[in-house]
Amino acid sequence: MSTATAPKKAPKKSTGKPVASDRAKAESRLALYLVAPAVALMLLVTAFPMLRALYLSLFSYSLTAPDDREFVGLANYGTALTDRLFWIDTANTVGIMIITVAFELVIGFVFAMVMHRLIFARGLVRTSILIPYGIITVVSGFAWQFAFSNTNGFVNGWIPFLGDDFTWFAEYQTSMVAIMVSEIWKTTPFMALLLLAGLAQVPEDMLEAAKVDGATWWQRLWKVILPNMRAAIMVAVLFRALDAYRIFDNIFVMTAGANNTESISFLTYRQVIEQFQLGIGSALSVLLFLSVLVVAFVIVKVFRVNLADARQEG
Amino acid sequence: MVASLALGSSLLAACGGSEGKPTLNWYINPDGQDTLNQLAEDCSTDDYDIAIQLLPASATDQRTQLARRLAAGDSSTDLMSLDPVFVPEFANAEWLKPFEGDLADEVLDDDVLKGAAETVTWNDQVVAAPQWANTQVVWFRKSLAEAAGLDMSQPVTWDQVIDAASEEGGTVGVQANRYEAYVVWINSLIQGAGGNILDPDTVEDGRDAKVTIDSAAGKDAAAVIQKLADSPAAQPDLTTSNEGTSLGQMFPENGPGEFMTNWTFVYKNYEGLIGKPGGPKDEQEFEDLGWARYPQTVEGEESRPPIGGIDIGVGAFSEHPDFAQEAAVCVTNAEAQSALAVNEGLMPSRQSVYDSAELKEAYPADLLQLYSESVDTGGPRPKSAFYSQVSSAIQSRWHSPRSVSPESTPKQSADFLTAILRGEALL
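Sequences listed follow chains D and L, in order. Here my numbering is used: the first residue of the first sequence is 106, the next is one more, and so on. Here my numbering is used: the first residue of the second sequence is 2, the next is one more, and so on.
Simulated from the structure, these hints should not be mistaken for laboratory data.
Have a look at the derived ranges for each label pair, beta carbon to beta carbon:
#1 Thr61/L to Ala125/D: 56 to 64 Å
#2 Ser76/L to Ala207/D: 46 to 54 Å
#3 Leu179/D to Thr203/L: 23 to 31 Å
#4 Gly183/D to Pro237/L: 42 to 50 Å
#5 Thr203/L to Ala143/D: 50 to 58 Å
#6 Leu347/D to Asp43/L: 49 to 57 Å
#7 Glu119/L to Ile241/D: 39 to 47 Å
#8 Gly74/L to Thr279/D: 43 to 51 Å
#9 Arg179/L to Arg222/D: 50 to 58 Å
#10 Val244/D to Glu42/L: 31 to 39 Å
#11 Trp192/D to Ser232/L: 36 to 44 Å
#12 Ser76/L to Leu179/D: 32 to 40 Å
#13 Leu235/D to Thr203/L: 55 to 63 Å
#14 Glu302/L to Leu347/D: 55 to 63 Å
Sample of chain D residues with no beta-carbon within 10 Å of chain L, all distances over it, derived:
#15 Val144
#16 His221
#17 Thr279
#18 Lys316
Derived list of chain L stretches under chain D, where covered just means 3 residues or more per stretch with a C-beta under 8 Å from a C-beta of chain D:
#19 55–68
#20 88–101
#21 379–390
#22 421–427
We put the CB at the ideal spot given by N, CA and C, even for glycine.
In isolation and in its complexed conformation, chain L is listed as follows:
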């Protein structure tokens, strides 16, 4: 009884927090927990403590849990780790407290790579702080590219990659299951051809955004997907492929391996699998792993690699918004980003961190160069307050990749997306 009373009162004290040192709650997604815990400790000050709260593993669940708290005006949501695509939704609902004045300049100074910086602005305000940045590159077996006579030191196109793989009996790994990463692929293909799913000038208008997927760029993107689906280089599980399914095709028992567009975690993944099942046989085979810039959709037009990562937002209803913003700056500073990159393989959103000695020790120099260049020139997904609907609408009309056709798919998806945005169809 006494114990339960004591426990009760300590819980009350922890919840109340109005007296004494306040505790800021930081909702994190499960990536890189160890380092994030350390960051929370390091960034706690004499004025406040930062407590980590874990969100569910799936992005959808993370989003709904945060949204339900914020829609109810939860004052205990101080800091949150946000997938870049949630930022416009949350900002439009006024759930994020914008960084203003000097703080905004500090969060978004010249050191922040452009692709990452684009994800945190809304209505000309800085609504979150970029913490780490993810991007995709094309991973491949050097021996495979060499056999096909493809010079990977120059920009390559999707056509060339697919042809090279088919000629040599290799495969091309992508993410084409009916889920978010498939939209990531489609978006990058379209942007690589100079187009957009939604017109960037009207995308912030929400329901009134202009749908521009039915364009030459949309058709070019559909042509790439169709070509891969019809090619012998398509992997058997193309229609259900995700980030993990094509990893095993890089160093198969038999066969020349693959070209694979995938996120930055791939390098550390294979490095940790040397001599183990699913990984390279030995150091020498690991040396055969190559990387190059995301392929072009149209020859001669610079590719727009996908952008992912995590931005730190401050809850609009926080009781201690100033402390929370100070903490957000701390957990996204160069030191924090360096720790996340070295310990967890989560790449920085600041150029200076790529240039630091710690990172140069942990990663090959040309890979760091490729990552920072990809993040800097990467293309964001549509910055719409209705992004989750946009994404689902695209998925429903572009899946399965085997049914994609340049003649019909962009048109059908444009019609459907327009109806969805206007509230005239169900998803």
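Just chain D, same shape as in the assembly:
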């Protein structure tokens, strides 16, 4: 916070690499040796299953009929991409992602401001805000399922125009609301934490300068704070969006996919784990992986931020 110049834009790097000294070369070689075991382990535990899934996705393969395994090329992808259910579930997943991330961003920002500006009881407030994030998602799912229950929940009692016997899990819209509330409650603190880091990067002297120039609180927020936090906001949105796209636990616990509340992850789970269809299930998980990449790409493009900036490099 002591530096006078704020990094408004990424400082331009000189083109052309500087000539590396022998020492630098030796150091980077050593670095390679040091990370090699970790990379090998990573390849073993992540690349192998991924390649295996890619391979399996080219077969018609059921665990209960191993002898009938048959190479079908890209047919499983064709089946998935032309199936209505796949697109319904994709729409659900995208809907959940957009709505929950939007709510989390706004609420998370408020929490971050509170944590940032707090003068007294800082530790206590920060801890309280972070508690939901420390709770396992399955537990959060069960807790909110009970809360929304029409027999022993409190939500119906709190909402004045709802009858006590209103069944949240009987229909699509209300089930989705319940799922999203649990998701938002559980992960907003994570968003707040990332945004708090961003807030800490906003230089105080810029804010003071804006104040001196007569900027209102609203102008300071939009013209100074948010632009300076762009990288942090992007990281927060990116992380949360990718997480939200893979939503599974809350749906599994609260509705088990009833009333079309299924997400893509849940669809994949059902094909592989419940129906033992390894071929189409693997194809779906590859598609899930690809869509996560697309989401990440879109978010990076929308925010026009390069990740090196976000990491405070350069």
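Since the structure of chain D is already known, use the hints to place chain L on it.
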């Protein structure tokens, strides 16, 4: 530290088991645990001990847990309690060690009722041993049937039952939530009209099985469901009804009660509820509870009551397959079946047990007769290695029962089921 070392070594000993007396693991579902524990103890010998391992309560979870162990070639899965519909799936994957020679004859002798026996064969091999058998009958209030002038001593049809209930302000209880028991109902209706969901001659061909649900029998079955859904006899929670939801309609505060197709547990259930909420007021009202054979779909054609229960399979990767098969025979013998029936209300799959003195003491004679006859003539669900997909596909097109129509439902479900089996659609 010493204690933890001791604990560790004893755990290792229990897991290893290669030296000394081996322990056979028997994965059971939660029904009838007390008696099963006793059976495990009684059937342990000088050569081996049987240890009970509990599976989760839901059938789906039981199936996936066992399948994941077996797909990984787990050598510690020796014995397992299997729902009959899992048997073809597991057998086709070669996860079950077939009983051969004399052992097969012992497991499947003439004493085993036909409906139960059909559930344990695959590719002409005996792949499991029937332990207990479940079936459905129609439970009703004698006073209700009498008022409607329906003679329940003769075979009745679904039409007659639905009409009788509507005329007298009673209801008809079934299982029509989107779950397995709804498929049980649909399957029995179709078989009762002389048809099948999948052609029985090609059902073992897996993906190549011929789908035969779009037939006259399929339409007859859909007509029954449609008739009930449109009738005043339908219970308000028809679309989410399960085995438990219609129990309370038998002895309501007001009203004449119901006809209900349900499993064998119903008798002991009401007997235990005499004078309690949800049960008959007194002995006299309990006496008003009647039972009869599963209704016919088509008049004059013998009904095919549903078959359930538990079969005991032996894991193909067991380290002690011979001991495990010996144990499987022991836990499914007449004595074991009698204990399960008397203590737990789980009915036998052997005729001789129905004739035993212990059972005659515990159940009315005509009810035992009805059960054994129902198990003997019952119809199995499609014996397909893809049964769980078949079942889900049927559920997705036949639910809700209020939307079932003889003109469209059998056709739509046949198309969808065919696409699913060929891997051309997602479930």
